[in-house]
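> Listed below are the residues making up each chain.
There are 2 protein chains.
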Amino acid sequence: MRIKKLIKAMEEKNIDYTIIGPTSNMFYFTQFSDEQMERPLLLIVGRNESYFVAPKIYEEQLSKTDIEIKTYDDGEDPYTKIKIPKGSSLSIDDQLWSVFLINIINKVSPSNILPASKLISKLRAIKEEEEIERMKKGLDIAEKSFLEFLDKIKEGKTECELAKELKDIFYDIGADNVSFEPILTSGSNTSMPHLRCTDRKVKNGDVVIADFGVKYHGYSTDTTRVISIGKPTAEVLHVYNIVKDAQASAEDALKEMTGKEIDSLARNVITAKSFGKYFIHRTGHGIGIDVHEEPYISQDYSEKIVNNMTFTIEPGIYLPGKFGIRIEDMVVMKDKVRVMNSLEKEIFIV
Amino acid sequence: MRIKKLIKAMEEKNIDYTIIGPTSNMFYFTQFSDEQMERPLLLIVGRNESYFVAPKIYEEQLSKTDIEIKTYDDGEDPYTKIKIPKGSSLSIDDQLWSVFLINIINKVSPSNILPASKLISKLRAIKEEEEIERMKKGLDIAEKSFLEFLDKIKEGKTECELAKELKDIFYDIGADNVSFEPILTSGSNTSMPHLRCTDRKVKNGDVVIADFGVKYHGYSTDTTRVISIGKPTAEVLHVYNIVKDAQASAEDALKEMTGKEIDSLARNVITAKSFGKYFIHRTGHGIGIDVHEEPYISQDYSEKIVNNMTFTIEPGIYLPGKFGIRIEDMVVMKDKVRVMNSLEKEIFIV
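Chains as they are written, first to last, in the UniProt record's numbering: chain A, 1 to 350; chain B, 1 to 350.
It is worth saying that the hints were derived from the structure and are not from the lab.
Incorrect hints may appear among the rest.
[Stated by the list, open to error] Straight-line alpha carbon distances no greater than 30 Å define the calculated BS3-like cross-link-like pairs of lysine-lysine that follow:
id, chain 1, residue 1, chain 2, residue 2
1, A, LYS304, A, LYS277
2, B, LYS64, A, LYS154
3, B, LYS255, B, LYS122
4, B, LYS322, B, LYS345
5, B, LYS304, A, LYS322
6, A, LYS5, A, LYS260
7, A, LYS144, B, LYS157
8, B, LYS277, A, LYS64
9, A, LYS152, B, LYS144
10, A, LYS231, A, LYS154
11, B, LYS345, B, LYS260
12, A, LYS154, A, LYS322
13, B, LYS277, B, LYS231
14, B, LYS203, B, LYS260
15, A, LYS154, A, LYS260
16, B, LYS152, A, LYS322
17, A, LYS64, B, LYS107
18, A, LYS64, B, LYS203
19, A, LYS201, B, LYS203
20, A, LYS322, B, LYS70
21, B, LYS56, A, LYS273
22, B, LYS107, A, LYS13
23, B, LYS118, A, LYS81
24, A, LYS144, B, LYS152
25, B, LYS273, B, LYS322
26, A, LYS56, B, LYS260
Same shape as in the complex, but just chain A:
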């Protein structure tokens, strides 16, 4: 049972209590979660007891989990419901809002505070088959949506209009939600890897980057493909093929290589072609309930990638003011990398 594994990790790290917010961690342990709001909704895990501290309005919903609930009314001090001795050592959900942590610090005066990821990330990184299945179903929805979306791309539509059309298709086909706001950029905007969309109208000759994912039964997907409106230029094709080779190289990774080593597989290909300084991010990130979680495929991640870890491989080259190229797959480690996506890897020409 997942909470028991957490308690074992707490014993090893000398942590008395773990405090979890209504985040991906709460979903992992209880299958319940919600958007974080100003009323604290906490799961407190001690060595011998677990309970929710929750606003009264959640009582009926939470009663469907098997965990004790201590409710408070609007106007009542929620922190009086937390029974943690002063000076305890705490691990705190990484995504819990700081205002709750500040109030907990003031109440408990903890002897020590660790980010809960130090205890939980290793548990969450290795997926059960059912978790992998949910991601595969999500990918199926996301990829079908993308293929249907290609027909919607027409000169004169703005990036944000296109992003909305892609989202609409996700919902039509059965996504529960997006796993993040899609990135749909065009022309020189594609050199900004985290720009979402703008009012720029797409036009003939544009490179378009679509980086998209859905949530399905609590789990995330994340995929990137490059589209060209009309024939891509020789320069785009040149850069594209380097990125594709870099990705293929990382997708040859074997189990027990470190995140750093897999990052180097991709990075070395790009560096050898003199584009190293334009590959301005890591090669990939773990994915599961959160769209970004451990393990990381980056130069500062020296731990081993073992079987049943799921992560992305997404090298990119970004030429400021010109264009950017990124290709991203989701993969699962099964002795060697197995690509979970089934979309082809070529530029999609529309």
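Starting from the known structure of chain A, arrange chain B on it as the hints suggest.
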């Protein structure tokens, strides 16, 4: 200028630095924001300097603000970019993830930590006309969507199917996003005020609660209406009319009443009819960039509601296992309460 007002508040509260994440606060001060992710993206405000600490991938985007940017590469320690003397007093964005606060505490050993809401909420609570205009435009989209959505409600559709249809209409009509996942519950599920939706199929005789909002140009809306599929029962109508009277009473509030006093206006009506114990939440909350923000219309909010504050008035009665009723408007204080919604207040019978 908004950052100058923050610095003045810092001086009054003896705070040396305020640290803001990519949240509604960052949007308020810079008009830039993003989803919070594992890489810290921080706005540091000192008495004499402000700068971003940001992953390299954000550099080109952030350069469009006028604020200095200190970037770090994947693999580099972001906290080395924060130049804050040990022992400084800090105010921390309430919504900043705890993992970043824990790392900042370890680096800075602050003498004192305040939630930044203690400095910022009062600034944000009083809206400029342009902020009110954005919310009115958002409401216009949300209400038109709701009216169009009424035609979609048919026996046999599930709550979650209906919630998706409502969302689709939002995007069609021009919402940038939802301000929260819509609450679309039916039958006895309506007694859970924060349940989102389930696979329950709606049927003739059901009460349906639709609690919905959109994001438009960075600002949120929030509205609730009750729908009856077929003729409502006498009991539903009885409870509905009490809630409607309670709301009308709170909507008679005048400026400089406290949040508590306005809450009592609604609560007293419900208590007088012996339903007090079934009104399990506060009467309302401020709204702006965040869907919930100061001021709060609740028994523990003793501060005055002054002109140009925007908030909701949303009393409710929840009879577990039977049904719940809530009616919610957005209002702005202009000497007296002015309702921003234009939807009628009666039960919508479909």
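> Check each numbered hint against the structure and report the violated ones by number, ascending.
When the structure is compared with the hints, numbers 5, 14, 15, 16, 17, 19 turn out to be violated.
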